[in-house]
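Here the protein sequences come in this chain order: A and B.
Sequential numbering from 1 applies to the first sequence in this note's numbering.
Sequential numbering from 612 applies to the second sequence in this note's numbering.
In case anyone wonders, no lab produced these hints; they're calculated from the structure.
Bear in mind that the values here come from a model prediction, so they are computed numbers and not experimental data.
Heads up, some of the hints might be wrong.
[What the hints assert, rightly or not] Cut-off 20 angstroms, straight-line C-alpha distance, at most; resulting in silico cross-link-like pairs (DMTMM-like, lysine to aspartate or glutamate):
(1) Lys447(A) x Glu666(B)
(2) Lys404(A) x Asp879(B)
(3) Lys954(B) x Glu271(A)
(4) Lys757(B) x Glu789(B)
[Said to hold, decoys possible] If we take Cβ atoms under 7 angstroms as the criterion, some of the chain A residues that face chain B in the derived model are:
(5) Phe165
(6) Leu213
(7) Asn264
(8) Val280
(9) Ala288
(10) Leu418
(11) Pro445
(12) Gln492
(13) Asn547
C-beta atoms are modelled at their ideal positions from N, C-alpha and C, and glycine is treated no differently.
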Amino acid sequence: MAGRTGNSKVNDFVVRFANVNGTGSASANFLFTKSIFRMGIPVTPKNIFPSNIQGLPTWYEVRVSEKGYLGRREGIDLVVAVNPQSMKGDVASVMPGGYFLYDSTKMLHAEYIRNDINYLGIPLMEMCNKEFSDPRQRQLFKNIVYVGALAALLDIELEVFEQLFKEQFAGKEKLIAPNMKALKMGVDYVIENFKYPLDIRLERRDLLKDAILVDGNSACGLGAVYGGATVVAWYPITPSTSVAEAFDNYASEYRMDKITGKKNYAIVQAEDELAAMGMVIGAGWNGARSFTATSGPGVSLMNEFLGLAYFAEIPAVLVDVQRTGPSTGMPTRTQQSDVMEAAYASHGDTKHVLLFPATPKECFEMTADALDLAEELQTPIMLMTDLDLGMNDHVSPPFEWDDKRKYKRGKVLNAEQLDKLEKFGRYLDKDGDGIPYRTIPGTHPTKGAFVTRGTSRDEYAVYTEDGGAYQRNMDRLIKKWHTAKDMVPGPQVYQKKNESSYGMIFFGTSTYAAEEAMDILKEKKVAVDALRLKSFPFNQTVEAFINSHDKIFVIEQNRDAQLRSLMMIELGTDASKLIPVLNYNGMPITADNIINQVLGVLSPAAKLSKV
Amino acid sequence: MSYIRPKFRHPGLPKNKLGYTIDHYEGSLSTLCAGCGHDSISAGIVQACYELDIEPHKVAKMSGIGCSSKTPAYFLVNSHGFNSVHGRMPAVATGANMANRDLIYFGVSGDGDSASIGMGQFVHVVRRNLKMVYIVMNNGCYGLTKGQDSATADEGSKNKAGSVNHFQPIDLASLAIELGSTFVAQSFSGDKTQLVPLIKAAMKHNGFAFINVISPCVTFNNNVGSTKSYDYVREHVEATSTVDFVPEMKTITTNYAEGSVKPVKMHDGSVIQLHKLDKEWDPQDRLSAINAVQKAKQTGEILTGLLYINEESKDLHTLMGTTDVPLNTLHEEVLCPGSEKLKDVNAGLR
Chain A
1 MAGRTGNSKV
11 NDFVVRFANV
21 NGTGSASANF
31 LFTKSIFRMG
41 IPVTPKNIFP
51 SNIQGLPTWY
61 EVRVSEKGYL
71 GRREGIDLVV
81 AVNPQSMKGD
91 VASVMPGGYF
101 LYDSTKMLHA
111 EYIRNDINYL
121 GIPLMEMCNK
131 EFSDPRQRQL
141 FKNIVYVGAL
151 AALLDIELEV
161 FEQLFKEQFA
171 GKEKLIAPNM
181 KALKMGVDYV
191 IENFKYPLDI
201 RLERRDLLKD
211 AILVDGNSAC
221 GLGAVYGGAT
231 VVAWYPITPS
241 TSVAEAFDNY
251 ASEYRMDKIT
261 GKKNYAIVQA
271 EDELAAMGMV
281 IGAGWNGARS
291 FTATSGPGVS
301 LMNEFLGLAY
311 FAEIPAVLVD
321 VQRTGPSTGM
331 PTRTQQSDVM
341 EAAYASHGDT
351 KHVLLFPATP
361 KECFEMTADA
371 LDLAEELQTP
381 IMLMTDLDLG
391 MNDHVSPPFE
401 WDDKRKYKRG
411 KVLNAEQLDK
421 LEKFGRYLDK
431 DGDGIPYRTI
441 PGTHPTKGAF
451 VTRGTSRDEY
461 AVYTEDGGAY
471 QRNMDRLIKK
481 WHTAKDMVPG
491 PQVYQKKNES
501 SYGMIFFGTS
511 TYAAEEAMDI
521 LKEKKVAVDA
531 LRLKSFPFNQ
541 TVEAFINSHD
551 KIFVIEQNRD
561 AQLRSLMMIE
571 LGTDASKLIP
581 VLNYNGMPIT
591 ADNIINQVLG
601 VLSPAAKLSK
611 V
Chain B
612 MSYIRPKFRH
622 PGLPKNKLGY
632 TIDHYEGSLS
642 TLCAGCGHDS
652 ISAGIVQACY
662 ELDIEPHKVA
672 KMSGIGCSSK
682 TPAYFLVNSH
692 GFNSVHGRMP
702 AVATGANMAN
712 RDLIYFGVSG
722 DGDSASIGMG
732 QFVHVVRRNL
742 KMVYIVMNNG
752 CYGLTKGQDS
762 ATADEGSKNK
772 AGSVNHFQPI
782 DLASLAIELG
792 STFVAQSFSG
802 DKTQLVPLIK
812 AAMKHNGFAF
822 INVISPCVTF
832 NNNVGSTKSY
842 DYVREHVEAT
852 STVDFVPEMK
862 TITTNYAEGS
872 VKPVKMHDGS
882 VIQLHKLDKE
892 WDPQDRLSAI
902 NAVQKAKQTG
912 EILTGLLYIN
922 EESKDLHTLM
932 GTTDVPLNTL
942 HEEVLCPGSE
952 KLKDVNAGLR
């Protein structure tokens, strides 16, 4: 075996699975992740999948980190290569001294032999052909056999798998025994043929406490159920589809009328994203909490309706699970590239409230918060998540809900209030905060009715082309925008007071890598203050943070430094003060990448060697 | 057109069961051209709601963009209206209806709004059988942008500028039947005696009720050579049936000769009395309705009346199994599963 540099890496390594999609590898790979999670060790899986259903290469990368770093890390310690199509690249991807586990049923081609890595050949196909007769089973159990091999190689407790199989096959107990058998085949092969465990291995810890393992899209769907959404309209698009599906699943469990068995919600798969947004607006106008979920291309199509909702002041919630654009781009890769599109969606003068969750827990909370904010502000609220957060499982603090929490329905007049009113003015700024009062159709026989429209109107909702009335309305909308600054979630500031003249700002899934980078910079004695954005518009704290530093690194996952542009536009910050730190190859940003870009500016000599 | 409408109403105006006189159902002053067919249709909606004793605030008026889509301001001033975006009214109406199944939804659209920019949404709202009255005020041209041909302009029809349309027209009524619409009617804005009972029947239908109303554009498409002018339509209208809608106090009389009478019972117990003029055609039989419409097309006639009805129609809410209570009235107690359930969810994710 080739020698490894450095000591053994307990609970600190990356395993990458190279599979063919549509072969059942996803559930075996998840089983691997879940077993590490059950051993109390921080783990973060990334699914790197094609826009395809069957036959193309797909990868699943699992990072284990004793220190709790949940961002992606470059440098693969062990590859499980069961896809001949991608073998060449998979061999090349292993770090020197690392391991290459492959199906040795057929001999490995000479060009795949490197002398600086270790080869672990297991005749997976041969073993399964011998033990199982059904072709589909042979295929599926091949995956379980390599998980079994990993269990022995990395020291994963077999009892954990036993328990996981029991849970997975509750009601189908017949399947437990053959799965355990396949798993043990892998274990036994390792015991008989290799020195085990490897120097990369696992040790049980209690680092996760009450954490859960869940993807952001499920959390958004659940948050919408808790937040009181009753009308959902959506159109299938990767990576957002599972948001609507999760809502439907949770609602069909928690939102059924106990007596009639009927649904206390309505969900429609629309003909396109235009219609989906139109339905959300129709429902919001009619007093129901409503949302849609989509990705960048869908937001493009929804632009017209978003402008209407902004101008006619109708509550709407949109979950944007961002992917790699422009156009169809890389539809199954991650990016934070809809920031500008979302912030200023639609023609004319428009600005929209954006929320930036970083964890599944925040996906849950911010979806519910968005439903409140939409009604309080009577405007669209966009939850800016991304493929990485939405579709990958994340270790997250558990979901929490305060039973005392009441839905904030905003300024809605009921029949009694209308009775007392001399004259109702839909667009009057009664409270001086820019937020007018609204009425829901059907409330009062003779008061409060008006025609909602996207054309200009006066304070009493009467159509007018008077320039003064138009301008008054646009000015009130900006007043409302300023009111929103104190209503949206404020930023997370990482230090009590400034420790450096340099700061970094990041949001969403860049948070994982940014927090890891902060630790490493500290170790290198490079001081950089940090702030995590949770929303747009920017509030006073954000502005103060920028103003009190000489230079700000703006970390984001797009080419054009879109968040940086937003700061320049909205806060008037000088361009030279904002240093872009970017990542836009479709893979989640890494700490090493951030550190190298930051040190490239601060102290080039301290840059990390290329990993 | 601007004119001053006198506020004075005859003190002896008859009141409906709710105690409202007809002016309670009117809207603000129309700004459409004098003689516009659309104003007659608005008047038909006013009449139908008055006669059916509808509470105006239990009606929602939905529209897109165009001359026709302006009309919700011109009827039912005590109803909420939503003048949304071009061609997208069906989606907005769908969302509104999902939120509150108890209101009566009037969707008002035009031929540009429904047959061109909004075709995608039109066909899908038909498919979903959304409970609403969907009226297309069809004049074969784009009025608000000054007279361009629309997709319902007949092949060979000449517009005001003298140019001839070379393209096949989209026939919204046959399309609606084809798509499975459960109520399809056609009428003429100049024939209020037929239109009003059709609107009433549509309001009682438990699903998507489509009325294609030929409504001549007096300014841009009322010229010689146009097949949507008042003169042309009057000459080529062929009523398939007359419709009386009962539960009315007084019988509705029509201008047409009586044929065989066929009562159609609606889901709420009211009855449509169909006076068929053609023995060959059965409005409860889709194939027969398609046949009748296609035959008329060949001879250049415009069939009017109730062309097709499926009185056993199930609307979107029925198909989805939504609760009977309007969703917009549900509160936290019903909507939020609470923290105990969340503990189960968390446990399942460990």
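So, going through the hints one by one against the coordinates:
With a C-alpha separation of about 13 angstroms, the suggested pairing of Lys447(A) with Glu666(B) holds against the 20 angstroms cut-off. Note on Lys404(A) and Asp879(B): the hinted pairing is violated, with a Cα-Cα distance of about 42 angstroms set against a maximum of 20 angstroms. Taking the CA atoms of Lys954(B) and Glu271(A), the gap is near 36 angstroms; set against the 20 angstroms cutoff, the hint is violated. Between Lys757(B) and Glu789(B) the alpha-carbon distance is near 32 angstroms, which puts this suggested pair outside the 20 angstroms criterion.
At its closest, the beta carbon of Phe165(A) sits 16 angstroms from a beta carbon of chain B; the interface hint therefore is violated under the 7 angstroms criterion. Interface hint at Leu213(A): satisfied, since its Cβ lies 6 angstroms from the closest Cβ of chain B, which is below the 7 angstroms cut-off. With 7 angstroms as the threshold, the beta carbon of Asn264(A) comes within range of chain B, its nearest partner Cβ sitting at about 5 angstroms, so the hint holds. Checking Val280(A) against chain B: minimum C-beta separation of about 6 angstroms stays under 7 angstroms; hint holds.
Annotation: Ala288(A) was flagged as interfacial toward chain B, and the flag holds, the nearest CB pair being 3 angstroms apart, inside 7 angstroms. Against a cut-off of 7 angstroms between C-beta atoms, the interface hint on Leu418(A) is violated, since the closest Cβ of chain B lies about 10 angstroms away. Hint on Pro445(A) holds. Least Cβ distance to chain B is approximately 5 angstroms, under the 7 angstroms limit. For Gln492(A), the interface hint is violated, since its Cβ never comes within 7 angstroms of a Cβ in chain B; the closest pair sits about 23 angstroms apart.
The interface hint given for Asn547(A) is violated, since its Cβ lies 40 angstroms from the closest Cβ of chain B, which is over the 7 angstroms cut-off.
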